[in-house]
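Asks: So the sequences go chain by chain: A and B.
If you count the first sequence from 1, position 419 lands on 432 in this note's numbering, and the numbers rise without skipping.
If you count the second sequence from 1, position 37 lands on 90 in this note's numbering, and the numbers rise without skipping.
It should be emphasised that the hints constitute simulated quantities derived from the structure, not laboratory data.
Incorrect hints may have been included.
Claimed, not checked - Far from chain A, some chain B residues (derived; all Cβ distances over 12 Å):
| # | residue |
| --- | --- |
| 1 | I55 |
| 2 | A279 |
| 3 | V287 |
Said to hold, decoys possible - Sample of chain A residues at the chain B side, in silico, Cβ under 8 Å:
| # | residue |
| --- | --- |
| 4 | K190 |
| 5 | R287 |
| 6 | F311 |
| 7 | D317 |
| 8 | E319 |
| 9 | E332 |
Said to hold, decoys possible - From the structure, some residues in chain B lie toward chain A, with a derived Cβ separation under 8 Å:
| # | residue |
| --- | --- |
| 10 | K211 |
| 11 | P215 |
| 12 | R293 |
Think of the CB as a built atom: it goes at the ideal place given N, C-alpha and C, for glycine as much as any other residue.
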Amino acid sequence: MTTTLFVAGMSHRTAPVEIREQLALEEDKLREVVAALAAQGVAAELMILSTCNRVEVYGVAEAPGEARAAAFRQLGTHRGVALASIEPHLFAHTEEEAVRHAFRVAASLDSLVIGEPQILGQVKDAFALAQSCRTVGPVLNALMSQAFTVAKRVRTDTEVGRLAVSVASSAVELARKIFGSLDGKAVLLVGAGEMAELAARLLMEEGAMPLYIANRTPARARELAATLAGAAVPFEQMGAVMAEVDIVIACTAAPEPVVRVADVRAAVAARRTRPLFLIDLGVPRNVEAAVNGLEGVFAYDVDDLEQVVEANRRERQREARRAETMLEGEVTRFLRRLREVEVVPTIVSLKEKLEAIRRGELDKALARLPGASAETRAVLEALSQAIVNKVLHAPAVKLRDSSRDGHGRRWTEVVSEIFGLRRSTGERDR
Amino acid sequence: MINAVLYDIALTAYIVAMVAALGHLLGRREGLWRLALLCTQAGWLFHTLAIGLRGAELGRLPLLTLSELVSVMIWGAVLLELWAERVFRVKVLGAFVLPVIVGLGLALPTGLRALALEPAIRSAWIWVHAALALIGLAALVLNFAGAVMYLLQERQLKAKRPGPVYYRLPSLETLDRLSYRTLTLGFPFLTAGLVLGALWAGAAWGSVLTWDPLALFSVVMWMVYASILAGRVVGRWHGRRAAYLAVAGFCALLLTLGAGILLQGRHGS
Chain A
14 MTTTLFVAGM SHRTAPVEIR EQLALEEDKL REVVAALAAQ GVAAELMILS
64 TCNRVEVYGV AEAPGEARAA AFRQLGTHRG VALASIEPHL FAHTEEEAVR
114 HAFRVAASLD SLVIGEPQIL GQVKDAFALA QSCRTVGPVL NALMSQAFTV
164 AKRVRTDTEV GRLAVSVASS AVELARKIFG SLDGKAVLLV GAGEMAELAA
214 RLLMEEGAMP LYIANRTPAR ARELAATLAG AAVPFEQMGA VMAEVDIVIA
264 CTAAPEPVVR VADVRAAVAA RRTRPLFLID LGVPRNVEAA VNGLEGVFAY
314 DVDDLEQVVE ANRRERQREA RRAETMLEGE VTRFLRRLRE VEVVPTIVSL
364 KEKLEAIRRG ELDKALARLP GASAETRAVL EALSQAIVNK VLHAPAVKLR
414 DSSRDGHGRR WTEVVSEIFG LRRSTGERDR
Chain B
54 MINAVLYDIA LTAYIVAMVA ALGHLLGRRE GLWRLALLCT QAGWLFHTLA
104 IGLRGAELGR LPLLTLSELV SVMIWGAVLL ELWAERVFRV KVLGAFVLPV
154 IVGLGLALPT GLRALALEPA IRSAWIWVHA ALALIGLAAL VLNFAGAVMY
204 LLQERQLKAK RPGPVYYRLP SLETLDRLSY RTLTLGFPFL TAGLVLGALW
254 AGAAWGSVLT WDPLALFSVV MWMVYASILA GRVVGRWHGR RAAYLAVAGF
304 CALLLTLGAG ILLQGRHGS
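Input sequences plus hints: build the corresponding full structure.
Replies: Shown next, in the form of structure tokens:
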């Protein structure tokens, strides 16, 4: 019997959230499940990934179908969910498909929001949990370490996870496209709404400071200034402050624009031509549209930001396609390596067997030659060694070659059969 | 002549690098960027050899004919491009500099006309004059590329419709800094080169500004760049205005070269 690498489970692609949430388990419950499955011995290797978007079982087993059923039956017991109600939502991949799936998940190409960064950490946690339960063997170990490498490569070599896909973060990204680093860039908040607060926080995380807050109700401005470590300024002085800052976030409930072209023109004249970035989060708009026409001024309203987010999404998708191509190469390389690993135990046990025969026969021969000189012994030793090496050479080469062509399994069986090796040596996991 | 062959190889490498760099700008392949970088470096090495051999063959610095001058100028510009790409981390710089390099390289007059210099006025100063002016011009090629990139990126940000180039181009601030840095690098050399040339002309011909098209256009070009720098220092002309002026300055630079090639004057031809 040979073993198969498999992955089975459900994700946002195959199951609605009502089903997924029934299986999502916290860490200690998950640990119990993994331990219970290990005790049942359904799989040689096992790892369970459980996030809000997916519940997946990675493993190596002789009968992947049975292992899958056992794993999901066990996962269901905690919430009393019957296997039959889960089964229709399960996907199952083996071998090459499973490798591809593992790589795509770790690289966040299978995520609901492509390129979101959390998934890699979640996969690492799942792997660590499996390691602590001692259910990781050579195959999962190789698979996961390669998946982490691939994920890292996708992250650094493509823009898949880099472009903002929310309105607030896209504003920060635009600020970076204008100012480069946001270190020490002064921000003025006009209005004290929640969106404004979020955008200000994001900018400050990037190093923007100081922060000024102008609000029609001064008390609210002071309150927000306290939580964000900013300074409240009188609403009437907005224009003067604008001459000093680099980024203005407007988010008031005013029915008509509070930031007018005349104010901005005056501010721009006073600040020479350093660029000014106006983020208008108000609906109806807080900034007069004509402001964008002023030199060195970039004014974005919510619709503009949505448009940028949309463009970013498309760009992410294009980058994802590039990442998929990259990933294909990695899958092929990994499978080749895995197949080579597959034949190694057979070569090793063949070597051991021949060595045992050699030792035994050599000892017998030497026992019959009590008066043999050291020289004779050395010659016999070398002779036997040479014969063993020559016999070993052809099958070893054949096994390595066949693994490269994908016939490794067949040939490990043939070689094991011919040389009478232990049956399990053809398998890669025990 | 081996140096002409080497020069052709260099120019071919620059052309390949240009195509690859443009491909990297518009497509999304890191491999193309690496190819562009490799070809630029290889081209520069061949170019160096070509210039060195030409100097050895002539027994003087290859800074006398206009084709020699343009060749050395683009050699310097390629070197600066490789430097700036690293320092400013602008991977797409090549896509904007290399077309200029290739354009100048292809337009380079093939004849190797020597300048009709009266032996009496030959002095060491002519080499210093030419070398300084060339370093300045090489830096101004980069200044031009930086300005074009700035204008492109500024337009995208104003229009609020990010296209593929938007994602590749760095921040406005970086591009502004690149333009300013190359201007402050190039301008002093250009100034020193022109002043030396004027002094030398004064000593040789008794007049600082005799009727010489190259010299006259140089002065116009110098004034454009001087005004950008002055505008910067005073603080009025950052960003887009500086970029537009940098483009104008570069047009003056091209006119200067064109005048040197096409019109009769004391710089030869």
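Asks: A separate judgement is required for each hint: does it hold in the structure or not?
Replies: Tested hints:
no.: 1; hint: I55; in the structure: holds (41 Å)
no.: 2; hint: A279; in the structure: holds (19 Å)
no.: 3; hint: V287; in the structure: violated (9 Å)
no.: 4; hint: K190; in the structure: holds (5 Å)
no.: 5; hint: R287; in the structure: holds (7 Å)
no.: 6; hint: F311; in the structure: holds (5 Å)
no.: 7; hint: D317; in the structure: holds (5 Å)
no.: 8; hint: E319; in the structure: violated (10 Å)
no.: 9; hint: E332; in the structure: holds (7 Å)
no.: 10; hint: K211; in the structure: holds (7 Å)
no.: 11; hint: P215; in the structure: holds (4 Å)
no.: 12; hint: R293; in the structure: holds (6 Å)
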